[in-house]
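Sequential numbering of the sequence shown, starting at 6, is according to the working numbering.
One thing to keep in mind: the hints can contain errors.
Said to hold, decoys possible - Simulated restraints on C-beta separations:
(1) Lys62 to Arg27: 16 to 22 angstroms
(2) Ser46 to Arg25: 30 to 36 angstroms
(3) Leu15 to Ser53: 44 to 50 angstroms
Hints were generated in silico from the structure; no laboratory data involved. Keep in mind that this is a model prediction, so the values were computed, not measured. Glycine included, each C-beta is placed from N, C-alpha and C at the ideal position.
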Amino acid sequence: MTHDGTESELTKARAEGATRERERIVAYLAFHEASALDKASSADNDASRAYQTTIAKAMTAMREAIAGEFHWKAGL
């Protein structure tokens with residue numbers, strides 16, 4: 006470890022990069038969640054509606070987990 010701040014700056018840059026990547030993934034999942042909900046609402050049969058709703062719920066769970074809003078053990 007250097008004492009000139011280089012490692013600290015690198016650590017900060019990595020943390021900022023990880024935050025941006027998390028935000029990008031959360032936005033991607035939110036987009037596909039909304040898309041699946043739209044498809045579910047316009048589905049012409051129950052099987053398609055159930056499938057799209059399942060996809061939307063999966064996107065929601067992943068988005069919340071990545072954003073830090075959900076933990077799988079929270080209800081235990």
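Cross-check of the supplied hints:
1. For the hinted restraint 16 to 22 angstroms between lysine 62 and arginine 27, the CB-CB distance of approximately 20 angstroms keeps it satisfied.
2. Look at serine 46 against arginine 25: about 32 angstroms separates their beta carbons, and that is inside 30 to 36 angstroms.
3. Separation of leucine 15 from serine 53 is about 49 angstroms and conforms to the stated range, judged on CB atoms against 44 to 50 angstroms.
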